[in-house]
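**Q** What follows is each chain in one-letter form.
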Amino acid sequence: MPHFLDFEKPLAALEGQIEELRRLSDNGDLNIAEEVGKLEDKVDRQLRQTYGKLSAWQKVQVARHPARPKCGDYVSGLITEFVPLAGDRLYAEDNALVAGMGRYHGRPVIVLGQEKGNDTESRIHHNFGMARPEGYRKAQRLMDLANRFDLPILSFVDTSGAYPGVGAEERGQSEAIARAIQASLGLQVPFVSVIIGEGGSGGAVAIATANTVLMMEHAVYSVISPEGCASILWRDGARAQDAAEALKITAQDLAELKLIDGIVAEPLGGAHREPDVAVGAVDAALNEALRAMDGMDGPALQAQRREKFLNLGSAGLA
Amino acid sequence: MSWLNEFVRPKIRALVGKKDVPDNLWHKCPACEQMLFHRELSDNLHVCHACGHHLRLAAKERMGFLFDGGEFTRVEFQSVTPDPLKFRDSKRYTDRLKDAQSKSGEKEAIVVGHGTIGGQGAVIAAFDFGFMGGSMGQAVGEGLLAAAREAVTRNAALIAIPASGGARMQEGMLSLIQMPRTVLAVEQVREAGLPYIVILTDPTTGGVSASFAMLGDIQIAEPGATIGFAGKRVIKDTIREELPEGFQTAESLREHGMVDMVVPRGEMQATIARVLNLLREGRGASVETPIALAAPDAASGMAPDSAHGD
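Residue numbers (the numbering used here), protein chains in the order written: chain P, 1 to 318; chain W, 1 to 310.
Dumping the calculated DMTMM-like pairs for lysine to aspartate or glutamate here, alpha-carbon to alpha-carbon at most 20 Å:
| # | chain 1 | residue 1 | chain 2 | residue 2 |
| --- | --- | --- | --- | --- |
| 1 | W | K86 | P | E245 |
| 2 | W | K107 | W | D83 |
| 3 | W | K91 | P | D242 |
| 4 | W | K232 | P | D236 |
| 5 | W | K236 | P | E227 |
| 6 | W | K86 | P | D242 |
| 7 | P | K258 | P | E217 |
| 8 | P | K42 | P | E19 |
| 9 | P | K53 | P | D253 |
| 10 | W | K232 | W | E245 |
| 11 | W | K86 | P | D253 |
| 12 | P | K9 | P | E40 |
| 13 | P | K42 | P | E274 |
| 14 | P | K308 | W | E187 |
| 15 | W | K232 | P | E227 |
| 16 | W | K232 | P | E170 |
| 17 | W | K107 | W | E61 |
| 18 | P | K42 | P | E15 |
| 19 | W | K236 | P | E170 |
| 20 | P | K9 | P | D41 |
| 21 | P | K308 | W | E191 |
| 22 | W | K236 | P | D236 |
| 23 | W | K103 | W | E61 |
| 24 | W | K91 | P | E227 |
| 25 | P | K38 | P | E20 |
| 26 | W | K91 | P | D236 |
| 27 | W | K91 | P | E245 |
| 28 | W | K86 | P | E256 |
| 29 | P | K258 | W | D83 |
Derived coverage of chain W by chain P (criterion: at least 3 residues anywhere in the stretch with Cβ under 8 Å from a Cβ of chain P; other residues may be distant):
| # | region |
| --- | --- |
| 30 | 181-191 |
| 31 | 208-219 |
| 32 | 234-241 |
Hints are computed from structural coordinates only; laboratory data are not their basis.
For every residue, glycine included, the Cβ atom is placed at its ideal position computed from N, Cα and C.
Chain W extracted, bound-state conformation:
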């Protein structure tokens, strides 16, 4: 690069390149490149109105549209992550953490809150992908355990919303060990007889997908989300073949029986509310008397199931 390039290009860029302008006003859809006005995008729960692509979303915004009336109380947990390995790559881990904190306004890659959904008590533990790729270290593990404890104490459902590349390498084995720890969080909720629902969002991979994120009583995924264990590049390098179309997408996981349903963001709250109400009422629900039973009729009701095919 010559001195001319260095000298002139930034100025030209300042004139020409700034077209995709203040990122707080306009967003470009990463899928269809449509320019999206911030307020419209926000009203549409960060789903592109041109192509339906689900953009990544901060944890607190998710809570805002999932909890009834957008109301929730944050659950605090031990979130000051130490740097036990004194990890340093091109940057110090502690500096990366500080950057992530000031950029996101969150202390860690997970936010925990409690409130109600469809009138049912619920605790949400949601990841912020923007915070170091949503990576799971000690504090994130702590957040999930705190969420589980809160759910058990409040007799509420636990809803985990991962958005994570996997374990946080900068914490080495201390991050890997969060896999069994977060599974224990799930076990506490299960053993208390409470529902545990997972909403898989883009992306959910690595150690996060291979622990608490795959153990939901109900597994829901957002459209188009990448969900898998190994990264696509690693798989490609291993098998030296092109990957099938739609590989590791929410839709393909549903096809392969790995998730119950793929639910657009706009229907998520209603879906969770319905599922929670169904699971929690159980046999205690008030039962309406069916018309057929109200007027007994030998020909209907308890007839042998000869009509059932298989």
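One chain only, chain P, in its complex shape:
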């Protein structure tokens, strides 16, 4: 049973009709091809219309869609010989932050990413993609490994934020994130990040301080969740739609503000409709981003990343 978002309801109706027709034709020898074709055209038109002008709040819902491809889908689709690596060597393993090494088109790489999971069991196992300090310390450990063995880093960012829990705070969530950013800025290897779903605040930046930061067409990247922002500034969590618009969190807005380096087009109707196509689109973009850095040595890569972040976010200061 596919999951339809509120604004996808007209689609659900159309697709329901198609299903119904197909079932009927299974029973008799009704010729339904023409009718189904018409309906499918309608679905297509509807998708183009809806997805061509998604509001920021609708994008938030698409970015959080339960069937949207997750970090694990990109890893299994793009990385061969994947060797998952666990633990921060200090306290624990954090299943919210997936880390390991493998080959990407033959070249050895380090992979980092938040995994949200795709059913109740795996969501709980991965703590809904909300990493604890151990996750960010594991990321630091792997960044160091990448640096020492000259391995490019790919990160798949998908988190509503770092985990807000008592233990996470006591074990230094802030410090862990700060050090992960510091480690990112010290890297002398190519580093490419893709915001595949939700880029939630500091918990996302911690593994997205990269040479090239890409965003999926319907992903969002924000300083605070629209709900959180609404409850603070509007004193009403229900104003999340307004907050989503005001915060400028869509890939299109952020490309305009020059805060990201590129947008990866999604299949019509969003990545959740055709996960394989989405994975393929990310593949093409990642490959291009890595190739663009092929001729750069370590110091040049580090300098490029640092310059970029120094210049970002000062646009228009007088």
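On the provided structure of chain P, position chain W as indicated by the hints.
**A** Using the frame of chain P, we list chain W on its own:
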């Protein structure tokens, strides 16, 4: 509310409610509610003499008691914040900024100054919590970068004093991106071999705590300060449990190994001076000759460390 309420209550309030009077003369301690006379409070560095609570403090007042002789020179930085998102909630961002500026007399939520502490050159970048909750946007990031550059140019230490709820939402992602930017400011000071000290004050949370504020060579916190990443309410809503006593306080961070020390405001200047002198003299310090070495004695000095336990 009836017309009677509306009509009468303000008058009564004018008679009765104004007891906690001109806020420039008397302050009420937010912790123990003791009424504190302004001048005494100010002489006591805004620490309540009844309960020791450290009240929040404007950036320039902090500089006044940290720099030697209260003398410092302001470091200017690009502080005119644009409104790139044209952000508007119940109020326009530009209006909120103007309000904050006229109320605080500062251009932004951070003030940068240079001077000496214990004779050592130092640059202080201090936050004003009163300025939009000390929130970090583009201009604040710029202030920290300017402070780092100044420290490197002057071969001086950098001291950051955050007092901030976190990133400035009104600047959206442009504020989040100040996390890596301010970490770069720290890196410049580190790479120049200069000390970087952080004094965590109430409150230091969110994107500020998760960037430059946790990267000090020495981490000092003021007593009772709230320091953490996520807000208490968010944590409570997530775990649906009561939070432990003292959670996210300076003292609890020290207990958990997250800060070096909790230092009362009255001892802050002397502590920083000592730390800076120790860090900066290094092996170049003039060494006094220990008495034991002056008169060589086989039984002392370089004996194997059998006496050391572990």
